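Residue numbers (this note's numbering), protein chains in the order written: chain Z, 1 to 282; chain H, 1 to 366.
None of these hints come from the bench; they were simulated from the model.
A few of these clues could be false.
20 Å max Cα-Cα, derived EDC-like pairs, lysine to aspartate or glutamate [as the list claims (entries may be wrong)]:
| id | chain 1 | residue 1 | chain 2 | residue 2 |
| --- | --- | --- | --- | --- |
| 1 | H | Lys150 | H | Glu126 |
| 2 | Z | Lys121 | Z | Asp145 |
| 3 | H | Lys91 | Z | Glu276 |
| 4 | H | Lys147 | Z | Asp145 |
| 5 | H | Lys145 | H | Glu132 |
| 6 | H | Lys274 | H | Glu260 |
Here the structure is a predicted model, which means the values were calculated and not measured.
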Amino acid sequence: MFSRAYRAVVTVPPLIWVTVFLLVPYLLMFCYSFWSVSASQAIIHSWNFENYRQLFTIDVYWQTLLRSMWIAARVMLFSLLLGYPLAYFLSFHAGARKDLFYQLVIIPLWVSYLVRAYAWKTILGSDGVLNTLLQYVHLTKHPLDFLLYSPFAVVLTLTHIYTPFTFLPIYASLEHIPRNLVEASHDLGASPLQTFWRVIFPLSIPGVVAGATFAFVLSLGDFLAPLLLGGPSGIMISNIVVSLFGAAYNWPLGAAISLCMLVLVVSLLFVSERLEKKWSFS
Amino acid sequence: MSTLASSSEATPSSAAASPLLRIRNVAKSFGRSVVLRDISLDVAEGEFLTILGESGSGKTTLLRIIAGFENATSGEVWMAGERLDSLPPYKRRVNTVFQNYALFPHLTVEQNVAYGLRVARQPETEVASRVEHALARVKMTAHAKAKPSKISGGQQQRVALARALVNRPQLLLLDEPLSALDANLRRQMQVELKSLQREVGISFVFVTHDQEEAMVMSDRIALLRTGELEQVATPQEIYRRPATAYTAQFIGHTNLLRGEVRGGIVRCSTLSWKAQLPDGPALFSLRPENIRIVASATPATDGSVRVRGNVRHQAFHGATELLQVECADGLVFSVRTASRADNQSELELDFHSADAIVVRESADRN
Chain Z
1 MFSRAYRAVV TVPPLIWVTV FLLVPYLLMF CYSFWSVSAS QAIIHSWNFE
51 NYRQLFTIDV YWQTLLRSMW IAARVMLFSL LLGYPLAYFL SFHAGARKDL
101 FYQLVIIPLW VSYLVRAYAW KTILGSDGVL NTLLQYVHLT KHPLDFLLYS
151 PFAVVLTLTH IYTPFTFLPI YASLEHIPRN LVEASHDLGA SPLQTFWRVI
201 FPLSIPGVVA GATFAFVLSL GDFLAPLLLG GPSGIMISNI VVSLFGAAYN
251 WPLGAAISLC MLVLVVSLLF VSERLEKKWS FS
Chain H
1 MSTLASSSEA TPSSAAASPL LRIRNVAKSF GRSVVLRDIS LDVAEGEFLT
51 ILGESGSGKT TLLRIIAGFE NATSGEVWMA GERLDSLPPY KRRVNTVFQN
101 YALFPHLTVE QNVAYGLRVA RQPETEVASR VEHALARVKM TAHAKAKPSK
151 ISGGQQQRVA LARALVNRPQ LLLLDEPLSA LDANLRRQMQ VELKSLQREV
201 GISFVFVTHD QEEAMVMSDR IALLRTGELE QVATPQEIYR RPATAYTAQF
251 IGHTNLLRGE VRGGIVRCST LSWKAQLPDG PALFSLRPEN IRIVASATPA
301 TDGSVRVRGN VRHQAFHGAT ELLQVECADG LVFSVRTASR ADNQSELELD
351 FHSADAIVVR ESADRN
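All chains, full assembly: derive it from the sequences and hints.
Structural data, given as structure tokens:
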């Protein structure tokens, strides 16, 4: 149907791109994860599982990995709790103002990540907006120190940043529900609450799964929020990877941790895709 | 005609005594556009009433007001002596078969049918037996476990019907339920639907734009035109005695003759006949099948009107031919005959003056 030249022009550039920027780096990372570093900081190209052994036996690594997953899980939960009602309201009850509200939800995505993270720093700090206010109204005598440089601050910031990513697929799936199904449900005697749980929610599951995956995966790999707001107790696995590739100069261990995260994320995406397929009907 | 006779007698018909559904002076506007004005209509217990109208006539809006998906701007809806229009849709004992069936895609056929019973928290044993019975009635038992996307349009139609009827509503609303089916299946479903309605004895309010469908199925037809009721009558009545020019033209073919009455004589172009009508302009509807072709030699009988014309065009309609015959003064008659005529041939037409029905002019409305 198409000429050979056309097919070559269309397919070769993406293939080169994928090879140079994805396959080769992954392959390099894979190799590095089985190598090691000498005392004189040279890469020793001998194959062993030492890095993986370290990852699963040295407390700080596996604990940070678990903590990162726990932070990501909380971000996912809070993003869903915020994003779903928002998407539901917009899709079903916003009426003529739907587009306006939609834009309002989207606008924060145009603001730099750094600006938003720093904004939380000025709000949560010991001289920050929140603490000043709390002391001003005499709710507390001393600034609350768990607000900033804590996992709390990381979860809060990441939730703020990733809620629009959760909102969007949920909103899209709610918008796709034919409204006559809602009418049919009411017609058959189901109250609005029954209609929600029996018709609307089941049909929005693909959006919920996609949104939850976004929030979890993006949070899991985040390193700026913990760097700026996490403090020692809010360190996440990506911060460790950054330091292993940087100051610590242990690329092999960094590569091993990265590879583990990659496997984790890819399996999550696989599961979420299966779930979305199972719950989509069209 | 027999229904007409009985309703004029002293004993009131069931519709007059206690209609199941009473629509009183219902009007509806969306912003500045008026969709329905001053609709009053009764539906009797066990009646099959069709709301017939072109697209944009407001027929679906009227149905949605009865179902509760729209609120009337003014007017009242009563069912079985209770105010219906103050209840939300899920509290009305009315069920709807939607135009595109609106089956829940994530539920099986069986679960779709059970939906109304489950939300009403009926015991599971009762749900199971009623669902089974409902599926058997529409011959869908074999597909009980299938998802709606795996069955055909006609089958989805049946499931939608079962899903509504299983709740034993007092009134079933049907919004152009057959419009998505192909002609063959459609005719078959018309018959099935009608016999199903007889069997269950529930009142049906059926919305369609297809006048043939309305004629075949209905006990009565309510013809809606740009938001107003044009005529409400039995199919026979509405065909034989259309009240307005619009009704006469919308239901079947007709010839509209514009005449002038003076002293009991109607003059229409070169034609004239006797009629007991007040003086002034009058409009007549004459059905093509009421015009006969006669040999010019035969003497005219009392009350018959004769006119000569040439065949200009003819269309084959299977059992009949529809001829366009042009007479003097540019008057063109549609004539239904059993056999073809020669084109351009001259014919003598004959109709009985009683078959020219006086109709009201239909005002232009937008």
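Quick rundown of the hints versus the structure:
no.	hint	verdict
1	Lys150/H x Glu126/H	violated (27 Å)
2	Lys121/Z x Asp145/Z	holds (12 Å)
3	Lys91/H x Glu276/Z	violated (34 Å)
4	Lys147/H x Asp145/Z	violated (56 Å)
5	Lys145/H x Glu132/H	holds (12 Å)
6	Lys274/H x Glu260/H	holds (11 Å)
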